[in-house]
Amino acid sequence: MGRFNSIFIALTLFLAVSCNWNEVIEEVTPMPPEITLDNSSAVYSIMVGEMLTVSPVYRYVEDAAFAWSCDGEVISSEPVLRYTDSLAHTVFITISVTTEYGSTSDEIRVDVKAPDPGPDPEPEPDDDFWVFPQTEFNVSLGRSILLKPYDIKESDGAHYIWTVAGVQMQDSAEPEFVFEAKQEGSYVVTVTHVNLVQTLTVNVCPAEGTFYRPASASSAATVNRIYEFTPAPGQYVNEDYTANTPEEATAYVMQRFGEVKYVSLGGFGGYLIAGFDHSIDNTGEYEIGIVSHLSEEYTEAGAVWVMQDENGDGLPNDTWYELKGSDTFAATTVHDYAVTYYRPSAPGMAVQWTDNLGGSGKVSYMASYHHQDWYYPLWITADRYTLRGTRLEAHNYDRSGNGAYWVNPPYAWGYVDNFNEVDMLDSKDTNHFKISNAVRYDGSPANLEYIDFVKVQNALNASSGWLGEVSTEVCGIFDHNLQK
Amino acid sequence: MKILRSLLTAVLAMTLAVLPSCMKYGPSEEEEFNVDPSGEGLFIINEGNYMYGNASLSYYDPVTKHVENEVFVRSNGFKLGDVAQSMTMADGIGWVVVNNSGVIFGIDPTTFKEVRRITGFTSPRYFRMISPTKAYVTQIWDPRVFVVNPVTCETTGYVTTDMDYDSGSTEMMVSYGRYIITNCWSFQNRILKIDTGSDSVVKSLVVGIQPESMVMDCNDKLWVLTDGGFKDSDYGYEAPKLLRIDPDTFRIEQSFSFPDGTHASRLTVSAEGDELFWLDNGVCKMSTDATHLPVRPFISREGTLFYGLTINPVNGEIYVSDAVDYVQSGTVLRYSQDGELLDTFNVGINPGSFCWR
Chain G
1 MGRFNSIFIA LTLFLAVSCN WNEVIEEVTP MPPEITLDNS SAVYSIMVGE
51 MLTVSPVYRY VEDAAFAWSC DGEVISSEPV LRYTDSLAHT VFITISVTTE
101 YGSTSDEIRV DVKAPDPGPD PEPEPDDDFW VFPQTEFNVS LGRSILLKPY
151 DIKESDGAHY IWTVAGVQMQ DSAEPEFVFE AKQEGSYVVT VTHVNLVQTL
201 TVNVCPAEGT FYRPASASSA ATVNRIYEFT PAPGQYVNED YTANTPEEAT
251 AYVMQRFGEV KYVSLGGFGG YLIAGFDHSI DNTGEYEIGI VSHLSEEYTE
301 AGAVWVMQDE NGDGLPNDTW YELKGSDTFA ATTVHDYAVT YYRPSAPGMA
351 VQWTDNLGGS GKVSYMASYH HQDWYYPLWI TADRYTLRGT RLEAHNYDRS
401 GNGAYWVNPP YAWGYVDNFN EVDMLDSKDT NHFKISNAVR YDGSPANLEY
451 IDFVKVQNAL NASSGWLGEV STEVCGIFDH NLQK
Chain P
1 MKILRSLLTA VLAMTLAVLP SCMKYGPSEE EEFNVDPSGE GLFIINEGNY
51 MYGNASLSYY DPVTKHVENE VFVRSNGFKL GDVAQSMTMA DGIGWVVVNN
101 SGVIFGIDPT TFKEVRRITG FTSPRYFRMI SPTKAYVTQI WDPRVFVVNP
151 VTCETTGYVT TDMDYDSGST EMMVSYGRYI ITNCWSFQNR ILKIDTGSDS
201 VVKSLVVGIQ PESMVMDCND KLWVLTDGGF KDSDYGYEAP KLLRIDPDTF
251 RIEQSFSFPD GTHASRLTVS AEGDELFWLD NGVCKMSTDA THLPVRPFIS
301 REGTLFYGLT INPVNGEIYV SDAVDYVQSG TVLRYSQDGE LLDTFNVGIN
351 PGSFCWR
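As they're listed, the protein sequences go chains G and P. Under the working numbering, the first residue of the first sequence carries the number 1, and numbering increases by one thereafter. Under the working numbering, the first residue of the second sequence carries the number 1, and numbering increases by one thereafter.
Hints were generated in silico from the structure; no laboratory data involved. Misleading hints may appear alongside valid ones.
[What the hints assert, rightly or not] Result set (SDA-like, lysine to any residue): computed pairs, CA atoms no more than 20 Å apart in a straight line:
(1) P:Lys65 x P:Ala90
(2) G:Lys153 x G:Asn402
(3) P:Lys231 x G:Lys182
(4) P:Lys231 x G:His371
(5) G:Lys261 x P:Thr344
(6) G:Lys428 x P:Cys355
(7) G:Lys434 x G:Arg213
(8) P:Lys231 x G:Asp336
(9) G:Lys428 x P:Glu70
(10) G:Lys153 x G:Asp336
(11) G:Lys153 x G:Gln198
(12) P:Lys285 x G:Lys261
(13) P:Lys231 x G:Asn402
(14) G:Lys113 x P:Gly261
(15) G:Lys261 x P:Leu333
(16) G:Lys261 x P:Lys65
(17) G:Lys261 x P:Ser329
(18) P:Lys285 x G:Phe92
(19) G:Lys153 x G:Glu176
(20) G:Lys113 x G:Met47
(21) P:Lys65 x P:Cys355
(22) G:Lys261 x P:Asn49
(23) G:Lys148 x G:Asp120
(24) G:Lys434 x G:Pro214
(25) G:Lys484 x G:Thr190
(26) G:Lys182 x G:Thr210
(27) P:Lys231 x G:Gly403
(28) P:Lys231 x G:Tyr369
(29) P:Lys285 x G:Ser40
(30) P:Lys134 x P:Ser38
(31) P:Lys285 x G:Glu107
Extracted from the complex, chain G is given alone in its bound form (with noise of 0.2 Å):
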């Protein structure tokens, strides 16, 4: 009996299978879809209008769903993708395909680019006689201030007619006026040459002290506001970070030095201004803290200046002094040095600029380190600006001598970000300075009793190879006495 119904069994099952063995054979084998895309980098390349075509290869896609989705909005429900844009940029398309037997996705990166333009023609620097990049003056009752036209171009046989209001002061080949705050009061300063005038204001203000913010037991040691943040172009202006507006670019310093993070100066001339929620006092000592990124071997060194709130309104509209460095005096040094920078024409270029002395150059686009598309300040709206200031002689070379280790020596003391043994004191990572190595016009000590603001600016026009332009790097400024 047993063996009876075991004979039945198998019987049964064999003619079970055997009826469906036909139905087996039909089914579709339940895969997920695959997709095999027809470029094996899954990145495209089109010009702005341009079609482009996508027809990836498929396999198990029977009665599949396509869509095409970019920023998560469906552009496509086709196999095959046609996809053109009127904007330079790039974007990311996914491709989902989906059956019942389960969903595959893949993406794409499609970069849509703009005609080349070529290089960017020579700039032609501006051809003004002279140049006058302040006609406003605050300057405190007692003290002198250099009145100057910058960058003139011929001065053979030149004579300079200076006035003050309406009083004539000067008339010499010299084009400098050292102008006498003997009292308070907002004076009308005029300069003739030939046939140009050029009209100034200089506003006398109280006597040093008036404006004086003592420093109280809530005071911070640090920076309580940034009010102006102007790099040079550079490799990291505009990384990581989006400023559309000076108050955004400031605010980006904030930030940074709250996190105690650098911030690029960018090439020469670059610069930004700190303030404290006191004035920070002379002691004779080192007052003045200023974080950056030593190295042994590669100084980026930045020159400081002060400037006392002389007219009391809060804003660095003042008279700068710079604080001497050890080769402020130095032969090599230039003082006055400007650079002009000039916006590339598409993004991804280098930035061409124009010295005052005859000079040009590039800030070079490092498209392997740093992929922005603009090394020119978004924020600042001008297609060309010029930074000036006070050049060092460069130290930087290559010490491998093939292009591949480049030094930057230091400089003996007086700098941001210039590893030296006398004003790190027993720091790492900070340089100190003293107000009383600010100096006039003519190098003659300032006197300051106390400062109220702060200015670092990149003191170095220099490239280093594959390694790109010297940038000096700060990454916090402090009132050292509070920290003492």
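Chain G is fixed; fit chain P onto it per the hints.
Here is chain P on its own, set in the frame of chain G:
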């Protein structure tokens, strides 16, 4: 720009004259640690700054989310040394390789106390246990792989190669049966297959300029990431590549080329071995059966300076270190498998590598 320079200084500095090792053991007070030996634990190896002697070890508990920094000096009373390169767990000991101090410390992973010390190196990079009494140590600027006895802490021999002392170097090590595969990274272009029985190189394969990292996937395929060197290098430059290699035949089966100018590094594999991760302007992820490289990072770096990468073998969470600026203390960012930032914690300077306990 100094940031960019710092990135390559560690490498380039070694191309210069041999510098004296910098090992600043300063006495300090010892603390007692005793972490749960059964739980997960992540060591973060902080390189420190080259020639500053400020390398350190951090320890993170993924369960309690608690981090302890400077655990080596706090536990042992002396500093770790100069440029901590890597750490490997083997036989219940954590082997910390301190490159510019030329030393390997064996530590108890629960107390962080030193239990072994192997010296006699000029520039060690990685440690790999072969057997309880045998381990390999790779060096940069040395054509040999050191054979050491981790019990007696003595060097017992060398695996010799055909490289010279000027440019020879070996780097990471991956086990495959009785073989060790090592990549010759700095100013080199090959991987080597070493028979651990005979301590000899049995195969060599040119893979491209500077194979930087390697992993083995779940299909026993070796993946090698080359960094391509750097532009203006005497050795040349090429776009980085990701290669799949059969470790038996020692042949390249698949090659993916990155765009020119890419800086890919730190190839890592998921616990399951079916997904690859690496750093390239963020964290990139790719299935081992993918037909092309990902077209963008899976995790964007967003203003950070990603430097090290590891995957939690238990839950697949992604840990990325941020060197910030190569100068100040770094941070570690912890992401979910989906790339969602879960939290961050502060560690030491230049956190370059990780080691799971």
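Taking the hints in turn, this is what the structure says about them:
1. Between the alpha carbons of Lys65 of chain P and Ala90 of chain P the distance comes to roughly 24 Å, so the proposed pair goes past 20 Å and is violated.
2. This hinted pair does not check out: Lys153 of chain G and Asn402 of chain G have alpha carbons roughly 40 Å apart, beyond 20 Å.
3. Taking the CA atoms of Lys231 of chain P and Lys182 of chain G, the gap is near 61 Å; set against the 20 Å cutoff, the hint is violated.
4. With a CA separation close to 16 Å, the supplied pair Lys231 of chain P and His371 of chain G stays within the 20 Å bound.
5. A hinted pair counts as satisfied when its Cα atoms are at most 20 Å apart, and Lys261 of chain G with Thr344 of chain P qualifies at roughly 17 Å.
6. Of the pairs offered as hints, the one joining Lys428 of chain G and Cys355 of chain P is violated, with about 29 Å between alpha carbons and a cut-off of 20 Å exceeded.
7. Restraint check: the Cα-Cα separation between Lys434 of chain G and Arg213 of chain G comes to about 19 Å, which is no more than 20 Å; the hinted pair holds.
8. For the proposed pair Lys231 of chain P and Asp336 of chain G, the alpha carbon gap of about 36 Å is over 20 Å, so the pair is violated.
9. Between Lys428 of chain G and Glu70 of chain P the alpha-carbon distance is near 19 Å, which keeps this suggested pair within the 20 Å criterion.
10. Between Lys153 of chain G and Asp336 of chain G the alpha-carbon distance is near 15 Å, which keeps this suggested pair within the 20 Å criterion.
11. Proposed proximity of Lys153 of chain G and Gln198 of chain G is supported: the alpha carbons are some 16 Å apart, at most 20 Å.
12. With a C-alpha separation of about 29 Å, the suggested pair Lys285 of chain P and Lys261 of chain G falls outside the 20 Å cut-off, and the hint is violated.
13. Our distance criterion of 20 Å between C-alpha atoms is met by Lys231 of chain P and Asn402 of chain G, whose separation comes to about 11 Å.
14. For the hint linking Lys113 of chain G to Gly261 of chain P, the alpha-carbon distance of about 18 Å falls within 20 Å, and the restraint holds.
15. Straight-line distance between C-alpha atoms of Lys261 of chain G and Leu333 of chain P comes to about 17 Å, which keeps the hinted pair within the 20 Å bound.
16. A threshold of 20 Å between alpha carbons decides the hint, and for Lys261 of chain G with Lys65 of chain P the separation of about 25 Å lies outside it, so the pair is violated.
17. Simply put, Lys261 of chain G and Ser329 of chain P have alpha-carbon atoms about 11 Å apart, close enough for the 20 Å limit, and the pair holds.
18. Taking the CA atoms of Lys285 of chain P and Phe92 of chain G, the gap is about 16 Å. The hint holds against a cut of 20 Å.
19. Between the alpha carbons of Lys153 of chain G and Glu176 of chain G the distance comes to roughly 15 Å, so the proposed pair stays at or under 20 Å and holds.
20. For a cut-off of 20 Å, the pair hint linking Lys113 of chain G to Met47 of chain G stands: about 5 Å separates their Cα positions.
21. Using a Cα cut-off of 20 Å, the hinted pair Lys65 of chain P and Cys355 of chain P holds, with the two alpha carbons roughly 16 Å apart.
22. Of the pairs offered as hints, the one joining Lys261 of chain G and Asn49 of chain P holds, with about 17 Å between alpha carbons and a cut-off of 20 Å not exceeded.
23. For a cut-off of 20 Å, the pair hint linking Lys148 of chain G to Asp120 of chain G is broken: about 33 Å separates their Cα positions.
24. A C-alpha spacing of about 18 Å is found between Lys434 of chain G and Pro214 of chain G, which places the hinted pair at or below 20 Å, so the restraint holds.
25. Taking the CA atoms of Lys484 of chain G and Thr190 of chain G, the gap is about 47 Å. The hint is violated against a cut of 20 Å.
26. A distance of roughly 16 Å separates the Cα atoms of Lys182 of chain G and Thr210 of chain G; the hinted pair therefore holds under the 20 Å criterion.
27. Simply put, Lys231 of chain P and Gly403 of chain G have alpha-carbon atoms about 9 Å apart, close enough for the 20 Å limit, and the pair holds.
28. Annotation: proposed proximity of Lys231 of chain P to Tyr369 of chain G holds, straight-line Cα distance about 10 Å (limit 20 Å).
29. The suggested pairing of Lys285 of chain P with Ser40 of chain G holds, with an alpha-carbon distance near 17 Å, which does not exceed 20 Å.
30. The suggested pairing of Lys134 of chain P with Ser38 of chain P is violated, with an alpha-carbon distance near 26 Å, which exceeds 20 Å.
31. The straight-line distance between the Cα atoms of Lys285 of chain P and Glu107 of chain G is roughly 13 Å, inside the 20 Å bound, and the hint therefore holds.
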